[in-house]
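Colleague: Input sequences plus hints: build the corresponding full structure.
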Amino acid sequence: MTAEEKKQLQEIYDRIVTYAKYIVDLGSGTTFDVSGYEGYQNFTISNFIVSVDSASSTWTGYGDTGTNSCSATVIKNYNASSGILTLSGLSASRVGPGEIKLSIASRVYLITDPI
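Anchor point for the sequence shown: position 107 equals 107 in UniProt numbering, and the numbering is continuous, going up by one each time.
Calculated from the structure, these hints are not laboratory results.
Quantities reported herein were computed from a predicted structural model and do not represent experimental measurements.
Watch out, some of these pointers could steer you wrong.
The calculated EDC-like cross-link candidates involving lysine to aspartate or glutamate, where the alpha carbons are at most 16 Å apart (straight line), are [as the list claims (entries may be wrong)]: (1) Lys76 / Asp33; (2) Lys21 / Asp33; (3) Lys21 / Glu99.
Derived Cβ-Cβ restraints for the label pairs, each shown as a range [claimed, not checked]: (4) Ala92 / Thr31: 13 to 23 Å; (5) Ser103 / Ser35: 42 to 52 Å; (6) Ile16 / Thr44: 17 to 27 Å.
Backbone N, C-alpha and C fix where the C-beta goes; we use that ideal spot for every residue, glycine too.
Modeller: Structure (structure tokens):
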């Protein structure tokens with residue numbers, strides 16, 4: 001590794017260490033209270049990252065009935081007055097010539113400072 005490459009790698013590492021302190025793992029769930037964090041009144045949905053940990057589906061069909069599908073979209077809603085983030089859209093179902101159900105498990109991260 002050249003001296004320039006080492007320098008660039010060190011700069012990247014330093015940025016990660018600097019900004020990592022602004023990332024908070026809020027855990028899993030659908031409702032999160034961040035009112036204990038300084039400046040929560042100024043947070044927007046852009047301060048929250050939703051990571052999909054897993055998605056599972058079940059199918060109840062009636063023999064070979066063709067195809068059926070459904071999709072889900074994770075929706076973030078943040079109330080800056082109360083500091084409450086709620087997630088919706090983590091599940092979906094569709095009934096056709098059978099029934100399919102989709103369930104999403106997610107994890108939420110809060111970015112407390114703009115990067």
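Colleague: Determine for every hint whether it applies to the structure shown.
Modeller: Now the hints, each set against the structure:
1. With a CA separation close to 13 Å, the supplied pair Lys76 and Asp33 stays within the 16 Å bound.
2. Among the hinted pairs, Lys21 with Asp33 is inconsistent with the structure: their alpha-carbon atoms are about 19 Å apart, more than 16 Å.
3. As the CA atoms of Lys21 and Glu99 are separated by approximately 45 Å, the hinted pair breaks the 16 Å bound.
4. Under the hint 13 to 23 Å, the C-beta atoms of Ala92 and Thr31, about 19 Å apart, fit the expected range.
5. Separation of Ser103 from Ser35 is about 29 Å and departs from the stated range, judged on CB atoms against 42 to 52 Å.
6. Between Ile16 and Thr44, the C-beta spacing of about 24 Å keeps the proposed range 17 to 27 Å intact.
Hint compliance for this structure: hints 2, 3 and 5 are broken, all remaining hints hold.
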